[in-house]
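> Join the two chains into one complex using the hints; note that each chain is given alone, in its own frame.
Going line by line, the protein sequences match chains A and B.
Residue numbering for the first sequence follows the numbering used here, beginning at 2 and increasing consecutively.
Residue numbering for the second sequence follows the numbering used here, beginning at 3 and increasing consecutively.
In short, the hints are calculated from the structure, not lab data.
Watch out, some of these pointers could steer you wrong.
Derived lysine to aspartate or glutamate pairs resembling EDC-like cross-links, with alpha carbons at most 20 Å apart [what the hints assert, rightly or not]:
| id | chain 1 | residue 1 | chain 2 | residue 2 |
| --- | --- | --- | --- | --- |
| 1 | A | Lys187 | A | Asp197 |
| 2 | A | Lys241 | A | Glu228 |
| 3 | B | Lys194 | A | Glu69 |
| 4 | A | Lys225 | A | Asp26 |
| 5 | A | Lys101 | A | Asp81 |
| 6 | A | Lys225 | A | Glu245 |
| 7 | B | Lys180 | B | Glu97 |
| 8 | B | Lys182 | A | Asp81 |
| 9 | B | Lys180 | A | Glu59 |
| 10 | B | Lys180 | A | Asp105 |
| 11 | A | Lys140 | A | Glu124 |
| 12 | A | Lys187 | A | Glu138 |
| 13 | B | Lys182 | B | Glu171 |
| 14 | B | Lys182 | B | Glu97 |
| 15 | A | Lys225 | A | Glu69 |
| 16 | B | Lys182 | A | Glu59 |
| 17 | A | Lys101 | A | Glu138 |
| 18 | B | Lys182 | A | Asp105 |
| 19 | A | Lys231 | A | Glu245 |
| 20 | B | Lys180 | A | Asp197 |
| 21 | A | Lys140 | A | Glu127 |
| 22 | A | Lys225 | A | Glu67 |
| 23 | A | Lys101 | B | Glu171 |
| 24 | A | Lys140 | A | Asp197 |
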Amino acid sequence: MAADDVKLRVSGLDFYYGPKQSLFDVSLQVLTNRITALIGPSGCGKSTFLRTLNRMYETLPHARAEGEILFDNEDLLAMDPVALRRRVGMVFQRPNPFPKSIYDNIAYGLRVNGTHRGAALHERVEKSLRRAALWDEVKDQLHKSAYALSGGQQQRLCIARALAVDPEVLLLDEPCSALDPIATAKIEELLFSLQDQCTLIIVTHNMQQAARVADFTGFFLLGKLIEFNKTEVIFKTPAKKETEDYITGRFG
Amino acid sequence: MRWRTVWRKLVNYTMFSLTGVCALVTVGVLFFILGYLVWHGGSSLSWAFLTHLPTPVGEPGGGMANAIVGSGKLLLLASAFGIPVGFLGGVYLAEFGGRMFSFVVRYTADLLNGVPSIVMGIFAYTVVVLPMKHFSTFAGSVALGVMMIPIAVRSTEEALRTVPLMLREGALALGASKWKTIATVVVPAARKAIITGIVLDVARVAGETAPLLFTAFSNRFWSPGWNQPTASLPVMVYTYAISPYDDWHRQAWAAGLVLLTLVLVANVVARVSVSGRSAHL
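This is chain B alone, in the form it adopts within the complex (with noise of 0.2 Å):
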């Protein structure tokens, strides 16, 4: 019988010691690239590397301005029809939606997640690119907003869920309309845990490279308007990683920087703000 308890006891410390471990190779990973990250690139974070546009090989200085800008011009557009198109499509699957129809939307948003962000790239390509015969701003948008919407789907219809069945019994019974209902009582009850998600999808997708790579393709200047290719960060970082020049490398870490405290910034920022108060008694 004391065999069994030493074997118990040491199965017991082992599968607690590799679990342990992995949980922590976990947390590691993500502070190893933080840390090699600021490292690396936080020697050429400086104000002019965030405010100067880049200067041809050879020349110090020079920075990652229309980068910066690039990618907010990027992520703007997009979101201004990812978002609401999948805000919408998420409030009818919550609130609308036949079991069948419903089943199939949502599988759908779910496989449309799923596609490779090169192919929604090509995708982008085919069908904005080549008609306006030149790469563009917008085409970049097309592409990133399209890979929004499955996601803001989602996260927006698991926000209306739980919003609890007598909240909306309660303004119907007040002789609020289907529609009245879901927009003064459902939506705003919900709208901590919605604005979460779409700070999410903006934060997923602001890192997407690949369909970059051909819609918005890139530009060493400022990319006025709409309709010229401009320069984006995870673009700059690829471009520069891969020359041949020390300091570009240096500018890439450091753009690497600057996209993932972004990223993580508004991730941390998301995930505390919908930890407090929810929409229940």
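The following block holds chain A by itself, in its conformation from the complex (with noise of 0.2 Å):
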């Protein structure tokens, strides 16, 4: 396979929730237009560090992050937050769509960032949720709150709209983890059609979901990246002890 590009390139990343630590020294590579999941059982820091990619824990007063982030090769935590949220999107564990239209959801980023208007909008609107699979479902109820739409369609809305705003990188936060498994893998469809236009990174719980999704998967625990590789060789051929009793299901 021809040498990839590293869109966002980790090394020696600490973070502090005040006083306690709770990364330690993570290094990692993440190649562009590649599916990569994170592993581990609770609490092991893997939504955390997830949230350091867009800079979400900036919302928390005492919280700090340190070490190098490279984004293309800029300085990701030195970068101004909304310009990096335009280009790093995020989707959420529960499904949080605001208390408005369909349409005005997925416009939303784009409003906010006032590149599109008027017919243009529009386009980016039905572009958005053709990509998220949802188009066929709401195109004739678009002023619809979106709360009338079940879990599954809710979280696809919350797809379309991060994808609206045409993220480089996508990151998802257990996307179905209070979804029912047929949402699931409506889910999983997606984000193997989304590949070729965004890197995706994936927190999961359910490490079968990580088996059947990802191309590169990493393995925390407490804090610290146990272990990093191609799905096959963290599944199949694990190096480390910790990554073969969880994957195993010896714990976790």
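In structure tokens, the structure reads:
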């Protein structure tokens, strides 16, 4: 395989909530247009790590990150966070549509950035809903409240909303944990189709999901990145004992 | 053992009756006041009452149109500066406050809320009426407006706090700045509760009499503009009720009925409308 570009290069990342350190010297590289999964038991720091990539931790007063993250060779930790979040989108664990119409939800990011208006906006909204495989289901009810949709549809709406601003990277924090298996399957299909336009990083509790979906997998334990490699390697021939124990279900 | 059971049942029954009676008294007082006002004031309530100016003593007819309009103007101007100040203060507390500063602001707002309304009247008298050298609608509005601020601050803050964090995070994650998140997601999500808070705030202040006694004072005629003393419903009730004229007493009842009706309607509408859909999944 030809050398892939590195989209995000993390080196020696430490993370603190006040005096308490929750990430220890994390280093990994996320390749462009690949799906990277982060697995590990509850509280291992994988969600904390994900949130450093779009600096969502900055809403908490005593949280700080130290180390280096390069985003296309730019210093991510020093960038303007608003500009960063337009390029690195996020989908959360529980669907969080705004109490607005379906159309206004998708259009929100575009309106806030002021980049699209009128017909161009309509086009973008339709395109995002199609990419999220939701267009056919909602095209006749765009002005209905987003809360009228089912859980799985709401999550796809949140994905469409994140895609509308055309992010280079999409972070997904356990996007299927609040959904039933059928909705989960739909979203996993969706992730494959998004891959060629977007770099995806997904945190998941579900190892089988990581095995199904991801090109690369990282295993976190107690705030440390124990192992990071191609998914096949992690699941079939893990190098570290902790990884093997987790994969085989001895804990977590 | 049987005695124990009997005693327990007796205590239960007594407490049930006692608490029930007190609850009934609470409800009963409101209905008693309302009933009394309807009984005494209902007969004086007429279209003339609502649309005519007061007539000199002894002349029949006459109404309180100027007091109704006066109260309206006072509340309008008071809201014009009390509500925005209170609202934005509440936004600050809910969205930006550091722990120490928020605590101080909240505590101060609660203290301000507890200041007796007549003291507010003295404050407005000193700050507005004395320099202007006359009573005015504007002075009355200052007194009422300042009273509206702490209520608006607390109700806005509480309304915004009910908006879940994940809505804010959703907006931030799309590249909205903090202020845009507040203006386009958080406040709209809480708008019902915020509006309810404002309506209740206005209704609360609508019946305040003491601060108007020496700011807006009173007026037997229309009060054009904002610089002249004006009649208001609560002050008219006061003036007419303590007068020696029966006709005026009847009109005082009617004015009290109008005032109470407006306040009750505002309260009921505000509370009913907020019990509907809320901003959660």
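> Run every hint past the structure and note whether it holds.
Hints, verified against the model:
1. Lys187(A) / Asp197(A): It holds: about 18 Å lies between the C-alpha atoms, which stays within 20 Å.
2. Lys241(A) / Glu228(A): 7 Å, holds
3. Lys194(B) / Glu69(A): 44 Å, violated
4. Lys225(A) / Asp26(A): Holds, at roughly 7 Å.
5. Lys101(A) / Asp81(A): 28 Å, violated
6. Lys225(A) / Glu245(A): 16 Å, holds
7. Lys180(B) / Glu97(B): 9 Å, holds
8. Lys182(B) / Asp81(A): Roughly 16 Å between the alpha carbons, so the hint for Lys182(B) and Asp81(A) holds.
9. Lys180(B) / Glu59(A): 11 Å, holds
10. Lys180(B) / Asp105(A): 19 Å, holds
11. Lys140(A) / Glu124(A): Holds - the C-alpha atoms of Glu124(A) and Lys140(A) are around 12 Å apart, at most 20 Å.
12. Lys187(A) / Glu138(A): Since the Cα atoms of Lys187(A) and Glu138(A) sit roughly 13 Å apart, the hinted pair holds (cutoff 20 Å).
13. Lys182(B) / Glu171(B): With Cα atoms ~12 Å apart, Lys182(B) and Glu171(B) stay inside 20 Å; holds.
14. Lys182(B) / Glu97(B): Distance of about 12 Å is within 20 Å: holds.
15. Lys225(A) / Glu69(A): It holds: about 16 Å lies between the C-alpha atoms, which stays within 20 Å.
16. Lys182(B) / Glu59(A): Roughly 16 Å separates the two Cα atoms, so the pair holds.
17. Lys101(A) / Glu138(A): It holds: about 18 Å lies between the C-alpha atoms, which stays within 20 Å.
18. Lys182(B) / Asp105(A): 15 Å, holds
19. Lys231(A) / Glu245(A): Distance ~15 Å between Lys231(A) and Glu245(A) Cα, so the pair holds.
20. Lys180(B) / Asp197(A): Roughly 32 Å separates the two Cα atoms, so the pair is violated.
21. Lys140(A) / Glu127(A): OK: Lys140(A) and Glu127(A) at ~8 Å, within 20 Å.
22. Lys225(A) / Glu67(A): 14 Å, holds
23. Lys101(A) / Glu171(B): With a Cα-Cα distance of about 16 Å, the restraint between Lys101(A) and Glu171(B) holds, given a limit of 20 Å.
24. Lys140(A) / Asp197(A): 25 Å, violated
Going down the numbered hints, you'll see the structure goes against 3, 5, 20, 24, while the others check out.
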